[in-house]
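Input sequences plus hints: build the corresponding full structure.
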Amino acid sequence: MSKRTGVLGKVLGKQPIGSLFVTPYVVFLAAVFAYPLGFAVYMSFHDYFFTAPGAIVERPFVGFENYATMLSDPAVRRSFVNVGIFLLINVPLTVVLSLLLAYALNGAVRWRGFFRVSYYVPYVTASVAVVGVWLFLFNSNGLVNSVLGPLAPDPSWLVNSNLAMPTVAIYVTWKQLGFFILLYLAALQNVSKDLYEAASMDGAGRIKSFWNVTVPGVRPATTLVVLLATVTGANLFTEPYLLTGGGGPDGASASPVLIMYQRGIEQGNPDIGAAIGVLLVVGVLILALVERRFVGREN
Amino acid sequence: MKSPWKFLGLLVGAFVFLFPFYYMLVGSLQAEPDPSVGGAFPSPGNLTGHNYAEINAAINLGRSLLNSGIFTGGVILGTLVFGVLAGYALARLQFRGRGAVFNLVLLVQVVPFQLLTIPLYVMIVRSYGLADSYLGMILPFAINSTAVFVFRQYFLQLPQELFDAARIDGAGELAILWRVAIPLVKPALLTGVLLTFIGPWNEFLWPFLITKQQDLQPLAVSLSNYLTTVSARAANPFGAVLAGACVLAAPAVALFVIFQRRFISSSLESGVKG
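Chains as they are written, first to last, in the UniProt record's numbering: chain A, 1 to 299; chain B, 1 to 274.
It should be emphasised that the hints constitute simulated quantities derived from the structure, not laboratory data. Source: prediction; values computed, not measured. Heads up, some of the hints might be wrong.
Unchecked claim - Here are the simulated DSBU-like cross-link-like pairs (lysine-lysine), alpha carbons at most 30 Å apart as the crow flies: (1) A:K208 with A:K193; (2) A:K193 with B:K212; (3) B:K6 with A:K175.
Listed below in structure tokens is the structure:
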């Protein structure tokens, strides 16, 4: 097999057995990725409803009707505004905090391992588990409010329609920060030491050299962090579902995925659910392109 | 660098990150919930294991943990077997379509799983009748594109001479993979397994959608059901929830603390440098 050359080798490659090795993966992608992707788009343009398995029914093409129905639903529009608020808080906070903590950690000599573990622990823990503690910490007579005393918001954090989504955004930032700190730590290894030396020769202080050397040096990582934070943020479901009792108060923290689940599965309108999903993904892709433009412009 | 405020900042950060976990543990052991500041310090008279008994009576911890274990184990097995095969082929074998498959690996990671939720639900639950089954739970995660990419990076780092020598000796590709390549990247594969573990162990939405039968639900799902429905009726609902949370958090945190060096080193950096 190793000596396969000539025409056959040109057509199939030197080790055609490789195609056999990737077959399960490709079949899997076709079945669990490509097909459902096409199916989602198909559903969103047809009158699709749940039937008994094997039943043959008409699924008439309805054009943009599902999209029109979905967009005229105030709860859906609200959920897209909500995720916008979420991203406006979560993404900048994630970038700033994870870069600062990674920078400090990179320079730290004492307790490095301890710090790394503590920052990463929320990320490896199930959201369902830590949500329990946050509920306990942030309910109206929880620890946070008893520390704040008269400064505690009324109504409390998660039942306050102005604070519910920001609280969810801060929770998610806290939960995922460790992962982004690690991305920045890896990126900081690549920033040349010479640049810092040159900056200090030029009389730049610590803040100046952070701003002029570190920040541009990790720009590719920043692009990645912004994109990943946006994509995970757009997928928000578990946190509003559990922290705010299904997106309350009064829909103030409902995310598009939560509404997609309610309309598509709970209320039995998979075509509407699919339309919400398609709109969400198109929105994320546009946002990702815009972010790439602005954040990654020097690359 | 020797700046004390940097160290101080790191300390404050560590406190913010760890405190909820500490509070989780303390809260799970309290007989009476105490939301005041004093409640953060456990007093011996208020300590009890009752919350663990209560959550165990409500959701059968053993069974839920077993379900989480089967779900996670199935995902890891699929990821390892098929991911290593694909990763090895993409790194080390020249065959027709290699470039196309590699582009697929990268492309797939951009599309969010949530778009697929509704169609996958329709397919798996309605068409294939796999609701309330382990297979239905595992299927969408059985191969992980990120893992394929990471495995490929590991195999790429091995020297080509090894493979040439083995091929001259007449070894088949499967034998080379099994006897030469895998033993050399074993430590890295462990990292892959650990990173894959976190996903299904903590996954909530998918098993939540497809398991209605309580005795098939992973712990994350049964705990959330307890959180949203039963907890209102329990004597110390937060205590019981926190006890369940500790049980759910413990395996992942323990694995991470034990293997923390592996989590941090090669895989992420190879991922970033791509």
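Hints, verified against the model:
| no. | hint | verdict |
| --- | --- | --- |
| 1 | A:K208 with A:K193 | 15 Å, holds |
| 2 | A:K193 with B:K212 | 56 Å, violated |
| 3 | B:K6 with A:K175 | 22 Å, holds |
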